[in-house]
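With the sequences and hints as input, model every part of the structure.
Chains as they are written, first to last, in this note's numbering: chain A, 451 to 1108; chain B, 451 to 1108.
Hints may be right or wrong, so weigh each one.
Pairs count within a copy or across copies, as identical chains cannot be separated in the list.
[As the list claims (entries may be wrong)] Once the Cα atoms are required to be at most 20 Å apart in a straight line, the calculated SDA-like pairs of lysine to any residue come out as: (1) K850 - G486; (2) K938 - I874; (3) K488 - S661; (4) K701 - M721; (5) K850 - E482; (6) K550 - A662; (7) K617 - I874; (8) K701 - F719; (9) K457 - L793.
The hints are simulated quantities; they were obtained by calculation from the structure and are not laboratory data.
Protein chains: 2
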Amino acid sequence: MATSTTKTGAPLDRATFESLLRRRLFYTPAFEIYGGEKGLFDYGPPGCALQNNLVDIWRKHFVLEEDMLEVDCTQITPAAVFKTSGHVDKFADWMCKDPKSGEIFRADHLVEQVLEARLKGDKEARGQTVEIDQAKDAKRKKKKVKDVQAVQLDDAVVKEYEETLAKIDNYGGEELGQLIKKFDIKSPETGVDLEPPRAFNLMFQLTIGPSASTPNGYLRPETAQGQFLNFQKLLEFNQQSMPFASASVGKSFRNEISPRSGLLRVREFLMAEIEHFVDPESGKRHPRFAQVKDTKMTLLNRNVQLEGSTKAEELTIGEAVASKLVDNETLGYFLARIQMFLLRLGVDYSKLRFRQHMANEMAHYAADCWDAELRTSLGWIECVGCADRSAYDLTVHRNKTGASLFVRETRAEPLKIEEYQVDIDKKRFGPKFKKDAKAVEQAVEALSQELREKMSLELEKEGRITLDVPAVGNGKVELEKDLVKIEKRTRVEHVREYTPNVIEPSFGIGRILYSLIEHVYWSRPEDDARGVLSFPPPVAPTKVLLVPLSGSDDLRPYLQQLTYKLRRMGISSKIDDSSASIGKRYSRNDELGTPLGITVDFQTVKDNTVTLRDRDTTSQVRASEDEICAAAKAIVDGEETWEDVAKRLPKFEGQEVD
Amino acid sequence: MATSTTKTGAPLDRATFESLLRRRLFYTPAFEIYGGEKGLFDYGPPGCALQNNLVDIWRKHFVLEEDMLEVDCTQITPAAVFKTSGHVDKFADWMCKDPKSGEIFRADHLVEQVLEARLKGDKEARGQTVEIDQAKDAKRKKKKVKDVQAVQLDDAVVKEYEETLAKIDNYGGEELGQLIKKFDIKSPETGVDLEPPRAFNLMFQLTIGPSASTPNGYLRPETAQGQFLNFQKLLEFNQQSMPFASASVGKSFRNEISPRSGLLRVREFLMAEIEHFVDPESGKRHPRFAQVKDTKMTLLNRNVQLEGSTKAEELTIGEAVASKLVDNETLGYFLARIQMFLLRLGVDYSKLRFRQHMANEMAHYAADCWDAELRTSLGWIECVGCADRSAYDLTVHRNKTGASLFVRETRAEPLKIEEYQVDIDKKRFGPKFKKDAKAVEQAVEALSQELREKMSLELEKEGRITLDVPAVGNGKVELEKDLVKIEKRTRVEHVREYTPNVIEPSFGIGRILYSLIEHVYWSRPEDDARGVLSFPPPVAPTKVLLVPLSGSDDLRPYLQQLTYKLRRMGISSKIDDSSASIGKRYSRNDELGTPLGITVDFQTVKDNTVTLRDRDTTSQVRASEDEICAAAKAIVDGEETWEDVAKRLPKFEGQEVD
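In structure tokens form, the structure reads like this:
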């Protein structure tokens, strides 16, 4: 893996980057004053505003644009639901215990880290330049993976390690145990043999109500189940019209064995999920697919990965669906829409790929699955999953509860079915068979189409047929043609019943947020200790910084008026009237990603003009307060760019800095 | 309590009202297909949109308007935090167990229900009209409170019951136990004596991580603690400037003993909380209090309640603060702002009151507390709490962890403190006292100002003083004036250190949402089976309904174009092209609270005009598509009312309905 880069292509220094996130309180380890709690993070004001903006844009891009039915279901869930869905049995990771120290390791992560360390040692021994992957290095140190030694490996071993790593997500518990033995992986803690991998269920258990003596519920690990359980009500709300999608934004929970990598593997996280319900017999075609079919995307397919490679190819989604690499139009439509969403947030296209899941890697319910992955200094991060869950969930819940989780649809064209039908002459049947009449009748009705065809010919030819009816007499019953008639006729079916399939785009908001910040991060060549976060204006936590040139009381009313005016225009602003120099105040807000700055100075008092500063270029224009507010609005709404505004309004070069 | 009424003053029929909420999927019992789980509700599309709008308006009204620092903290919380905050020990309700059936009752609710039933029986016996309180009636039936019998009570007993009910929230476990004995309350299930009240902690416990063998965490019962724990970071983010407020919107959890009343007592709920940190020495004055001081409010003070009455009085908040009924300006400011928020949502002023907590009713941390209560068919519902938590939380967490949860402030004017200071001649001290020197020195330093003053006189007069130093020799040490000097001097203090007090407005979004729907609900005299929800346009789940007059393909492009145009203006719309009549489609959307409807008809195809319909009056105007869209925007943004629009644009009386 190549070294990670900033927005401008310079090497990304993780320490500097992380110091910015801490300094500006984007997020912070939760409960730090209590020694912290692994895998839990709090969002500070800029992180929280950024998260709100991502959710808001998500709602506009998906829910409003596609008329989805947004619901908000509870996080606490009775155990029976996850028993049915399969999560109680299967939603687990594999963990190995060090029998000496009691420490617990996640099996796949351990194998991955040890093999990577050995490959690195091999490269060193061969005198090759070792790319420093800071994140993995830090992880290794933390986990005390001891064997980063310059030991050369056989070429065959190197190849085997590399192939194992490419497939690491594809192994189950038993296979991981075999790999640990085969590669002689010991506890990084104590060097002893680890216990064999054991499944650890990732759901948090809890007890609902005062009278239960044992846990009877879970915190949901995904928002999906609540949407499935309400399917019938949503279909009715949608006036029985198919296809439709439900959507939900909310917290989910996974009791990770060893949380790591900041926001990327946490125990509580915000998800945004869509469940698009579609008729499986429609071929999963999508009416708006034509609108997206020329979208170019970087796709990494499953076969390439199974060969041990990570080489992706760029295709249009139209080509991918046509070649069946992506299974159907609906899945393809959502992959394209997911990409548009990510790009709208400011994600770097060159650091985005869609990776297909390998068979064993997929969740137990999925028929096909693609992840949108974003490249960061911590590697490729799965940020959005897009799975075809088939009819799995609706079927299992329907089977368990008997609820009508299906669609009854009046056929536009009634379906004509040619079939053999049986008529019984009941008046004669009763007197003839007496108490056996019912059993014989049932045996006749139960005849398959194939047998009916055969018997209809027999009746015509022989005038009688012989039937197996085990419950009656010697098990054989003879029927003459005055008792029964079998004819080929046409039946007309007006209503069709089916269980919809589900396409599920599922967004990890925290992972997107973290990766996005890396993608928009850079620093000015003249000041590389300070960063700049170039969020697109609609995404930025705050849109406009208001700075008075001095602390003079004369300037204050102008700031208040600007705040009020901008708020009425729906633009969030912050005043920084601290005593720091203008330059320092702007730098601080470059790190917060504030796209625009308005300076109020003594000229303002004279002629009511103010300056507007662009975060990315640091250039400024000067105009009347009204013109500047209008320009800010145009930029924040995405109707003009800075370049447009800079062409229209007079450049300003005065008032510099510290 | 008088019978509950609709927006137009007609009696509110709960069955009809609830059937509307179910029919339109505002919310629904969660996990219904699994038999349901008490106290958990899912929001369907209109409820979810309404909730999102409430939160959005809340953010604008509080967070943006007052520049609060919004954070998002985790729901999962380590046990140590709630141990310190007092929740592990004190956050409990009192429950009584029926020893025969095992059923559990919440003690205060049981007393309340039984006394109310007896009072009702008394009224019946006296031949008085009994107001039917449907909700309480339903509760009683459910809980099988058997003794609603027409039995007349002594006048003194009636008085005692009424006084007990007025103070019901003021009783602890022991007192509830005494009331149960005194009033001879038995298990409504079996008629046997109940076990004495036992505390049941309302927090959900859980186990974080794979290695803990017992629960080590809780789901938070309020969002506040996360804000307190981050106080130091937030103060720094705010550039050390005080006062400031943090804010948070998120789920909280209470494992209620017996959830009831739909959304009003649930186990998982959305809260929006503000923690306003203020210098206690500022007198808790508020710079913007003058802006709100003339706000009239309905206040029910604590003393009136302790006298067994519920008579509220209307005052301006300025009067209430001046008379110390409301303790301070900051508390008063927030009470007024809370009222403005609720009125902005569409709450009925005549069904809003602020009730002061009685001493025993307050949470363990509160110094004073007022609830905004909304009147509904289920009684007065506490929807917003506004507590003065004093310095309680920051102090206990600081004491426990040693974290700097306080403010260090450079004094504008350095403080001059007159005090007695002690100088020790260390050169002589050591040789004289040898190994005891330290202990003697400490004893001198520890002298109070009072003793110092006394000893300074003694030193002057006698030339020596005698000190108690228990650890040295016989416990007395004599010091001559060459060893020690005590003088009155002036010390200048430049920095002040203090723990802020906290004013906490805390909003139960679900309760507000439910009560609001009751307040805006009414039905047209000509069609009382169907309801209308008159949400103010910014609050309404969907703003505009688009209806084609017929299913003709000619009309479809106009609907698409309108959708697109409205979306660009930031207005959510829905198309209803179902086959129902225009009238039915409008009725459906009256029940969803959609304020505006645009009809596309064959005239549209000719001249591009459409009609705009007002939900509340059902009157319509007709104009060009652009004019209608602009009018819709003005109404949705609150810049024009329907009356304004109806004056400007030509009335339309055609196209009616069936």
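We went through each hint and held it up to the structure:
| no. | hint | result |
| --- | --- | --- |
| 1 | K850 - G486 | between (42 Å within a copy, 14 Å between copies) |
| 2 | K938 - I874 | within (15 Å within a copy, 120 Å between copies) |
| 3 | K488 - S661 | between (32 Å within a copy, 13 Å between copies) |
| 4 | K701 - M721 | both (6 Å within a copy, 14 Å between copies) |
| 5 | K850 - E482 | between (44 Å within a copy, 13 Å between copies) |
| 6 | K550 - A662 | between (36 Å within a copy, 17 Å between copies) |
| 7 | K617 - I874 | neither (61 Å within a copy, 76 Å between copies) |
| 8 | K701 - F719 | both (5 Å within a copy, 13 Å between copies) |
| 9 | K457 - L793 | within (14 Å within a copy, 47 Å between copies) |
Checked against the numbered hints above, the structure violates only hint 7.
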